[in-house]
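Trainee: Each chain, letter by letter, is given below.
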Amino acid sequence: MPAKTYVQTTINGEHVDFLCEPRQSLLECLRDEIGLTGTKEGCNDGNCGACTVNIDGRIVTSCLVLGVEAEGADIETIEGVADGSNLHPLQLAFLENAALQCGICTPGFIISSKALLEQNPNPSEHEIRFWLANNLCRCTGYDKIVRAVQDAAKRLQEA
Amino acid sequence: MKWIDFEKPKTVEDAVKLLSDSGGNARPMAGGTDLIVQLRVGDPRVNADVVVDIKSIPELNELSYSSSKGLTIGAAVECYKIYGDANVNSHFSALNDSATLIGGTQIQGRASFGGNLCNAAPSGDSIPNMIAHGAVATIAGPSGTREVPVEDICTGPRQTLIGDDELLVSINFPSNGSGFGANYIRFIPRNEMDIAVAGVGASVTIEDGKFTSAKVSLASVAPTPLLVKEAGESLVGETVSEEAIQNAANLAKAAAKPISDMRGTADYRKHLCDVLTRRALNTAVERAQGAS
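Heads up: the sequence lines are chains A and B, in that order. Reminder that position 85 of the first sequence reads as 85 in our numbering, one-by-one numbering, no gaps. Reminder that position 262 of the second sequence reads as 262 in our numbering, one-by-one numbering, no gaps.
Derived from the structure by calculation, the hints contain no laboratory data. Owing to the predicted nature of the structure, the values given are computational and were not obtained by experimental measurement. Yeah, the Cβ is synthetic: ideal placement off N, Cα and C, and Gly gets one too. Possibly wrong hints are sitting among the right ones.
Claimed, not checked - In silico EDC-like links for lysine to aspartate or glutamate, alpha-carbon gap of 20 Å or less: (1) Lys55/B - Glu127/A; (2) Lys81/B - Asp74/A; (3) Lys8/B - Glu71/A; (4) Lys2/B - Glu21/A; (5) Lys210/B - Asp164/B.
Stated by the list, open to error - A few chain A residues that face chain B, going by a derived Cβ cut-off under 7 Å, partial list only: (6) Val16; (7) Phe18; (8) Leu19; (9) Pro22; (10) Arg23; (11) Asp45; (12) Arg58; (13) Ile59; (14) Thr61; (15) Val68; (16) Gln101; (17) Asn120.
Bound conformation, chain B alone (with noise of 0.2 Å):
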């Protein structure tokens, strides 16, 4: 690995002040899982000289939950944390679908989903989820915060519209309501440890029989993890149906923009979008219809 610079703030504004003073040459590590990687190899698009750890940073870390402020998982926050969390538990537990299996234990003992969201891969397996969540991200720069959706972060293959000078600091999901189940599946060919050939995250709320609200995201279909609106919109309003769950299934095949490569070709990419979307709908189903 070439020389690097290793520098580890303890507040966010010093983060801030490091990345906005190296000129685009510093990058932010949570778990390193893939920047460690990326600086090994030499990847041209991660030239840093600089690494900055922000592990040492108290709202990097934090993980907390009030009904009226939802869940705010801290950008370095670990999946097994995630996964071991009380609170996510009760609340939020389909987000374990995407912590208990990104990677291994070893990786999930450093990686984070604000990480992941960073990396910008299009198979990101926390992506999907957190969009089908409604999940907001804040990003620090040197003039303040702001928030933003985390469908609007990913700009394309590893790359994002949080800037050289900013840091994600939390990633926060709103309270749901009763009635609500959500749902993260993936296709790979064996059982663990692999990269998804197709993704899908789905929520839905679910009142007296009728869909109230629904999202659904794919993973590895397109430059980056993508929100198909019309998928869930076309539930809201719907009684509880096969018919119903088919025809978001049926949008969902439709906005998918696989290429093919070794993983699987286009067509087949776009098949897994509508049995995935299916799969994790009538999950997502089952867990409303169970919580509620």
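Okay, chain A solo, but in the shape it has when bound (with noise of 0.2 Å):
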């Protein structure tokens, strides 16, 4: 068996350093190399979102990076997203607005929601579906995520 790559990222705002095969995807390593689960597999090919996290300032799908690819890189997810035992305004208004029944696309959402709020804090409902359009929901129907979206960009704005 060839040599594993060795991989330097910050993940969170913390250095982590990882072993990785580069057949391994960013997702695979994320959650079987480091031990972070909080990520998702859903499709593994890009369709879904569940796998979404932020890459030095975009969202992506982690099933379609490499690991070896996140050398250097700067990575949010959705671990990262809570203050400590204090949650974001976003993960706040999916829980207050039943946005998620089992939950497996929730830290998708999470990300990208996320990213769109800081690019612009007051998106409309069709700039919402949009940026969400690579996040799929088998439970909601959507219109709950919709308007917990809206509802967090409003508790950002007052905050």
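Bring the two chains, given one by one in their own frames, into a single complex with the hints.
Mentor: Put into structure tokens, the structure is as follows:
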């Protein structure tokens, strides 16, 4: 078996290094090598968005990134969204608007929505739906998710 | 996924050497949104042992414009950089018709026009748009570089004339004069995140109410994206009119050679070529008249 590659990254503000095979996706590295299992595997081909993470300020599906590509990258995962035991306004809005049922898609939706609100603090419903088109939810029918993002936008602007 | 080796060259020369030394078993990777999936499912058309990440090569990240040289988009430039670029928005805004509808936000953070072209899907959403803009690809190989019009690159589904030892470096879009307008539209059964049932790229240049140049290109209705020369040529010299545009749409419909599959029947796709060509040309005309 050929040697593994040593990768150094920053994940949720902390230096993290890991060993991986070049064929391993960043998603597999996060879950299996680093133990950050908040990022979920859905389709494993880039359609469902459950594995969305933020790399260097852009959201991507981590199943379509090789772990070795993360060298030097600054990565945000769902584990970095809350401030200790204080939930992020998006997380509170998702809970209070019942924007989830099974919850598998939720980490991806939160990471995607957070990136949207950081660049567009007051998005229209149309903008929210198109931004989140790469995140699939089989439970809610999306309306509650859209309302949660609108609610979070309001909370963040009032904060 | 089967074992792969990973290489990340920093120069075009090193990348070409890696590709030519591997005897056809290496594949360049930009965003990987197609390649990683193909490797994972063991697609027999992509039998790569070595993945060559080309995102550290400066030429493949170039995104530059000058009125003399036109717009150059490096083969690895992600869609979000294209629609976020001031020069694209000022001079080539119709390219955003494709850049904003390939995949969703996450895919647009990785996927590139260069990768879309090399993947050579009949439905590639950037390809008819590039063809309509008269784009030319720069390809590097062991014996130097060559330039090939984008409409000649795809030779079949997932097949291109880019050799195993060659690398797509960049795509150049010649400068457009005043009176230029373009558009890409596709038909899909939902609003986003789908594969085109049919797609049409169109460009026109209008002077004094007459077409002085025009191009029409189709997606998803043949083994490769098609340039329908006769549709564009039929407009040149004509006064801008519904009849002239309908005539070009008829020629585009006649040139389409679609198959029937789960996305639509051949008849339906031919009908779409008529409707979409008309709409794309009308939008291109509106943009041309708005810009002049």
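Trainee: Confirm or reject each hint.
Mentor: Evaluation of the provided hints:
no.	hint	verdict
1	Lys55/B - Glu127/A	30 Å, violated
2	Lys81/B - Asp74/A	19 Å, holds
3	Lys8/B - Glu71/A	11 Å, holds
4	Lys2/B - Glu21/A	11 Å, holds
5	Lys210/B - Asp164/B	44 Å, violated
6	Val16	19 Å, violated
7	Phe18	15 Å, violated
8	Leu19	13 Å, violated
9	Pro22	4 Å, holds
10	Arg23	4 Å, holds
11	Asp45	5 Å, holds
12	Arg58	4 Å, holds
13	Ile59	5 Å, holds
14	Thr61	5 Å, holds
15	Val68	5 Å, holds
16	Gln101	22 Å, violated
17	Asn120	11 Å, violated
In summary, the structure is inconsistent with hints 1, 5, 6, 7, 8, 16, 17 from the numbered list given earlier, while agreeing with the others.
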